[in-house]
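Residue numbers (full-length UniProt numbering), protein chains in the order written: chain A, 1 to 289; chain B, 1 to 234.
No false leads were slipped in.
Looking from chain A toward chain B, a few residues come up when the C-beta cut is under 8 Å (computed):
1) Lys167
2) Ala168
3) Ala171
4) Asp174
5) Asp177
6) Leu178
7) Leu181
8) Ser182
9) Gly183
Coverage of chain B stretches by chain A, computed from C-beta distances (three or more under 8 Å per stretch; other residues unrestricted):
10) 67 to 78
11) 94 to 104
Taking CB as the label site, the calculated pair distances span:
12) B:Ser136 to A:Ile95: 32 to 42 Å
13) A:Lys188 to B:Leu110: 11 to 21 Å
14) A:Val98 to B:Arg74: 26 to 36 Å
15) A:Lys188 to B:Ala126: 32 to 42 Å
16) B:Ser136 to A:Leu274: 34 to 44 Å
17) A:Asp119 to B:Gly108: 56 to 66 Å
Think of the hints as simulated: they come from the structure by calculation, not from any bench. Idealized CB from N, CA, C, for every residue including glycine.
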Amino acid sequence: MTLLDFINFYLVPGIVLGSIYAVGAIGITLVFGILRFAHFAHGDMATLGAFIALALVTAGMDPWTALPLAMAITAGVAIGIDRTFYDYLKARPKIVTVMASLGVALMLRSVVQMLWGVDPTTYVTGIVRPTDYFGILLRPRELYTLTAVVLIVVGLELFLRRSKWGKAMRAMSDNPDLARLSGVDNRKVTMLTWAIVGALTAASGFMLGINTEVESMMGWHLLLPMFAAAILGGVGRVQGAVLGGLIVGIAEELSVFILPAQYKAATAFALLLLILLVRPRGLLNGKVL
Amino acid sequence: MPLLDMKAVRGGYGDADILQGVSITVAEKEIVVIVGPNGAGKSTAMKAVFGLLNVRGGSIVFDGEDITGWAPNRIVQRGICYVPQVDNVFREMTVHENFEMGGFLRKGDLSAAYERVYELFPDLKAKRRNLAGDLSGGQRQMVAMGRALMLDPKLLLLDEPTAGLSPKYMEQIFQITRDVRDAGVSILLVEQHAKQALAFCDRGYVLATGANRHEGTGQALLADREVAEMFLGG
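Here chain A stands alone, though its shape is the one from the complex:
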C-alpha cells in the first residue's frame, strides 16, 4: 500500500468521520461543562436535525443550503426540549436529568420513525466521482464537510472568546456560583447553550447523513463515539472535543488493520475505557467526572 492509498482510503475517511464526531462532541462537552449532565438525547437530536434537513431537501432545497436552516430549527427544538423537560428537573439530582434525557432520546427517535419511517434514504442520489488534488482524492461533499466543520469550530471559538455572552458561558462552566454573584443570568446562558448545542447536533447529523445515509438509528450510533471524543479531549474543553473527535474517527478507520471491520464501532468503546483508566480528565485536562 502506498502512502497515497493510506491517505485516500484510511486517513481522509477518518478525518471526515472524526470531524463529524467532533461537532457532536463539542455539544456534549458544552452541556457537560455548563449544565453539568451527560446528555443522552444528543445522538437522537442529531437524527432529528438530519431529518429536518431531509424535509427541506425534499421540499426542493439544495442540501448545503438546507443545513443552516436545519441547524436553526433544531436549535429551537433543543430550547423547547429544555423548557419542557430538563428545566423542571434542575433542582433535582443531576442523575434524574440524565435519565430523562434517555427518555427524550427514545421520544425523538419515535417521532422521527413516525414521520419519516425506518428505511434508510439519502439527500442526493447517484454516484459522485472524487476530484484528484495532487493524488489526494476528495469528493465535493467531503470537502464541504471539512470546510463546514472548520467554519463551525472557528465561529464557536470566536464567540466563546470574544463575545460578552460567550464569556458568560465560559464563566458559568468555570465557576457557576461566582458567575451568579457577578450577575450572569443562568436562564439566558442555559437557553443560549441549548441553541448552540441544537445547531451543532443538526450539523453533525446532517454531515453524517450526507457522507453515508439518513436513517432513524444514525444518531444513536453516534452517541458512543461522541462521548468517547468529549471525554478523551477533556470534558468542558471545546478544543479537546475537536481533538478527541478526530482521534476517535481516525482510530475507527485504522482499526481495520488489526481488527475485523465489524469491530470498528468497538474501537470508540475501547478508547473510552482506556482514557477513563489512564487519564480520566482527558488530554486537555477537563473537569473531573
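On the provided structure of chain A, position chain B as indicated by the hints.
Then chain B, alone, in the frame of chain A:
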C-alpha cells in the same frame, strides 16, 4: 447614619439559627473587621448581609434602604459586592476576562473601571492575559477583589482574604484593602488572623457562638484582656 446597619440578625442556612442576634454597623469609608473563634458565625454574618442566608429576625439596612431578604443579584446592583473565601476567581479565564465578568451588569464603556482596578493592582497589568488559575495565591486574591470592584460598589465584603497567604502577601492584601477604602469604598471583612486584622482595621467586632461579644476600635480590642485571652493567644 451608617452605610450598613445590621440589627439583631438571627438566621442560618437551613432551619437552625447560626446567628443568634448579630449587630454590626459600617460607616462610609470605614474598614470593619469581624473576628472570633472557629464556628462563631463570622462568615455567616457576612453572608447574611449578601442575602445568602435565611434571615429570621432583625433587619439589615443599607444606604437608607431595608435590604433584609433581598436576593444576591439585587443586592449586587444596589452596591454591595462580595468576595468569597474560596473559588473566588474564574480560573480558566484571563485576569482581564475576570474583570470583564465583574463588570457584566454594567452598561456602556468600562475603560475607566478597568483603569481604576489596574491602578489598584499594578502587578496584574502585566498579567492581564494570564489565566487567573495560574497566578499565585496573593495575586489571585487581587483578581478576586478587582472583579468585585468592577461594579463600583459602595461596600465590599471580603471573606478571609488572607487565608492561606504568606505574611508578605497578607501585608500586601491589607495595604490594598486600605487603598480600596481610600478610593471611597467601605469594607467589611472576616479575618482568621485576628491580631494583624485588628491592628489594621478602624473598628472590630468579636463574635462568639453566633452573637456579638465585644466591639470597639481595633486598638481597644487588642488591648482588651478578655479578647486577648479568648483567642489571640495572650
